[in-house]
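Asker: So you can see what is in the structure, the chains are spelled out below.
2 protein chains.
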Amino acid sequence: MSNSIAHSPSPTTLKIGIVGFGPFAQFLTRTMLKQGHTLRATSRSDHSQLCQHLGISFFRDVSEFLGTINDVILICTSILSLPEVLQSMPLHTLKRPTLFADVLSVKEFPRDVLLRVLPEESDVLCTHPMFGPESGKNGWNDLAFVYEKVRIRDKSTCSSFLRIFESEGCRMLEMSCEEHDKLAARSQFLTHTIGRILSEMEITSTPMNTKSFETLIQLKESSMKDSFDLFSGLFLHNRFATQELTNLELSLGKVKQKLMNGMEEEEN
Amino acid sequence: MSNSIAHSPSPTTLKIGIVGFGPFAQFLTRTMLKQGHTLRATSRSDHSQLCQHLGISFFRDVSEFLGTINDVILICTSILSLPEVLQSMPLHTLKRPTLFADVLSVKEFPRDVLLRVLPEESDVLCTHPMFGPESGKNGWNDLAFVYEKVRIRDKSTCSSFLRIFESEGCRMLEMSCEEHDKLAARSQFLTHTIGRILSEMEITSTPMNTKSFETLIQLKESSMKDSFDLFSGLFLHNRFATQELTNLELSLGKVKQKLMNGMEEEEN
Ligand SMILES: NC(=O)c1ccc[n+]([C@@H]2O[C@H](COP(=O)([O-])OP(=O)(O)OC[C@H]3O[C@@H](n4cnc5c(N)ncnc54)[C@H](OP(=O)(O)O)[C@@H]3O)[C@@H](O)[C@H]2O)c1
Ligand SMILES: NC(=O)c1ccc[n+]([C@@H]2O[C@H](COP(=O)([O-])OP(=O)(O)OC[C@H]3O[C@@H](n4cnc5c(N)ncnc54)[C@H](OP(=O)(O)O)[C@@H]3O)[C@@H](O)[C@H]2O)c1
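Taken in order, these protein sequences are the chains called C and Z. Each residue of the first sequence is one higher than the one before, starting from 1 at the first, in the UniProt record's numbering. Each residue of the second sequence is one higher than the one before, starting from 1 at the first, in the UniProt record's numbering.
Some clues are possibly wrong.
In the DSSO-like style, the derived pairs of lysine-lysine whose C-alpha atoms are separated by at most 30 Å in a straight line are [to be verified]:
#  : chain 1 : residue 1 : chain 2 : residue 2
1  : C       : K225      : Z       : K211
2  : C       : K220      : Z       : K256
3  : C       : K225      : Z       : K254
4  : Z       : K15       : C       : K182
5  : Z       : K220      : C       : K256
6  : Z       : K15       : C       : K137
7  : C       : K254      : Z       : K182
8  : C       : K137      : Z       : K211
9  : Z       : K211      : C       : K220
10 : C       : K137      : C       : K211
11 : C       : K254      : Z       : K258
12 : Z       : K155      : Z       : K15
13 : C       : K256      : Z       : K211
14 : C       : K220      : Z       : K225
15 : Z       : K225      : C       : K258
16 : Z       : K258      : C       : K256
17 : C       : K258      : Z       : K182
18 : Z       : K225      : C       : K211
19 : C       : K258      : Z       : K254
20 : C       : K34       : C       : K15
21 : C       : K211      : Z       : K220
22 : Z       : K225      : C       : K182
23 : Z       : K95       : C       : K211
24 : C       : K254      : Z       : K254
25 : C       : K256      : Z       : K225
26 : Z       : K220      : C       : K258
Okay, the calculated bits of chain C under chain Z, using three or more residues with CB under 8 Å as the criterion [said to hold, decoys possible]:
#  : region
27 : 147-158
28 : 189-201
29 : 205-216
30 : 232-243
What the hints contain is simulated information worked out from the structure, not anything from laboratory work. Beta carbons are placed, not taken as given, at the ideal position from N, Cα and C, and that holds for glycine.
Could you build all of it, start to finish, from the sequences and the hints given here?
Answerer: Printed below as a string of structure tokens:
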């Protein structure tokens with residue numbers, strides 16, 4: 001956490017161009033508008049009605065979008081579509097060095113893609129807000145925000161962008177994209193996987209729910225609110241996820257074996 | 001739920017003899033003492049010091065224990081040890097018809113064992129308080145209490161016993177032992193199994209926990225507070241549990257398959 005952020009006297013409002021105006025971008029938008037930033041957006045689907053309602057310019061044409069002046073271009077597309085989305089953007093028409101920030105739930109993958117396709121003069125900030133429309137619905141206080149300053153020359157714009165989250169009370173965690181992906185595979189990916197398994201099992205509330213079972217029903221429901229693309233991205237583009245899926249299978253096998261051993265003991 | 005319980009004017013204090021003075025019996029004891037009931041206990045291990053501290057008579061000798069006058073004999077042993085414990089008790093020396101109630105977390109099994117070994121004149125009430133030392137630590141209000149009146153002739157004693165839970169605000173759910181076991185396999189057994197799997201995986205808190213991951217850590221910790229005997233009993237003595245373990249395995253397989261299909265699509 002940089003002290004210059006915490007002690008900076010007055011907040012700067014930013015011009016932020018959002019790429020991919022899906023559920024998560026819409027969720028972030030509410031807070032960024034509240035803070036007074038100027039937003040514009042582009043996306044595969046037509047979100048112009050919602051944007052008009054919010055007072056945001058929506059660009060169906062990505063070249064027009066890139067023609068607007070932005071301090072930050074904020075990438076909020078699905079993990080799976082990132083390469084395709086970036087390849088469709090005429091990035092070398094950008095008129096000035098811009099900070100590219102992303103919010104994808106995996107981190108090594110967008111870091112590599114952004115470094116590959118962006119003009120050398122663009123700054124790169126990789127971030128992952130560890131919350132969403134459900135867990136963040138009553139504010140972002142004490143929720144984790146992970147980031148790595150991958151290539152930052154314009155420190156002031158980067159600090160102003162981080163302050164969006166810092167000023168809402170997020171726990172700001174600076175760590176490498178690799179470290180993020182290792183930890184996230186053992187926590188977030190695992191959580192989503194268990195939620196999806198419970199959904200496959202079609203678990204439902206019973207009159208006699210225990211408290212712990214109720215938390216599993218909630219987990220199932222919140223996992224199913226996120227798109228399958230998101231879950232799939234957590235697996236396909238985090239190189240540590242396969243190992244955790246294997247760990248889960250092995251651990252289920254071990255628990256089953258212990259139960260079976262008990263069965264044999266009972267029979268003897 | 002019987003109306004005669006709800007409208008009964010003054011609570012009756014009962015003489016309750018507890019068989020198996022482990023963690024769950026100790027937890028129930030606090031509330032029963034608070035309500036003014038007279039308790040005594042017997043158990044495999046020597047709990048006489050704790051009982052002395054609580055003002056309860058503890059009997060190392062089970063014949064002496066059975067010689068005391070009890071309105072209710074409350075079975076709180078582990079699921080696995082129930083047959084052995086009951087067989088070691090000279091039940092036919094009982095001087096008067098007594099209500100036997102049990103709190104085991106499976107219900108068909110103790111129902112069958114009790115009906116087999118008890119004198120015909122004993123009443124039988126099978127119960128499962130759907131909470132424990134963790135979930136019930138701040139009171140029992142709104143927590144589920146499942147029971148079946150398996151063989152009740154002395155309605156008044158049975159009602160007085162049920163009132164222990166009713167008066168604390170439990171949701172009283174009268175259902176067959178079979179129905180209980182069906183629902184519990186899909187909820188409680190499944191919850192414990194996931195808790196044990198997470199423990200095998202050695203999941204631990206990270207600085208960047210999401211809210212959902214935090215509930216999984218809590219689940220792991222609360223599952224590990226219960227004995228392995230309890231978990232093993234949920235599996236070995238609930239005939240619906242095997243199917244749910246199979247469902248869990250199949251559902252993990254399905255989720256994995258979906259992730260793998262995504263991998264193939266990406267590669268094409
Ligand atoms: N949801 C959360 O709680 C959360 C939390 C932290 C980070 N994130 C990250 O935020 C990003 C957005 O997440 P999300 O929840 O909104 O759902 P998502 O399903 O991961 O992404 C939806 C977004 O991706 C775009 N998109 C999908 N496929 C596309 C394609 N083939 N071509 C172009 N655009 C495509 C959608 O565009 P259209 O709307 O125009 O169709 C929409 O903007 C993801 O990278 C996710 O990992 C999400
Ligand atoms: N914990 C909960 O949250 C909860 C909730 C609802 C119902 N229950 C039910 O309540 C009962 C007691 O549960 P618990 O949590 O106290 O732990 P447990 O491990 O299921 O049972 C411990 C009790 O069983 C006795 N026991 C174990 N093995 C024995 C043996 N071989 N011979 C004689 N006695 C033996 C212990 O006696 P000693 O102490 O004398 O060694 C102790 O009283 C179980 O049937 C459980 O299913 C528990």
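Asker: Of the hints stated earlier, which fail here?
Answerer: 4, 6, 23, 27
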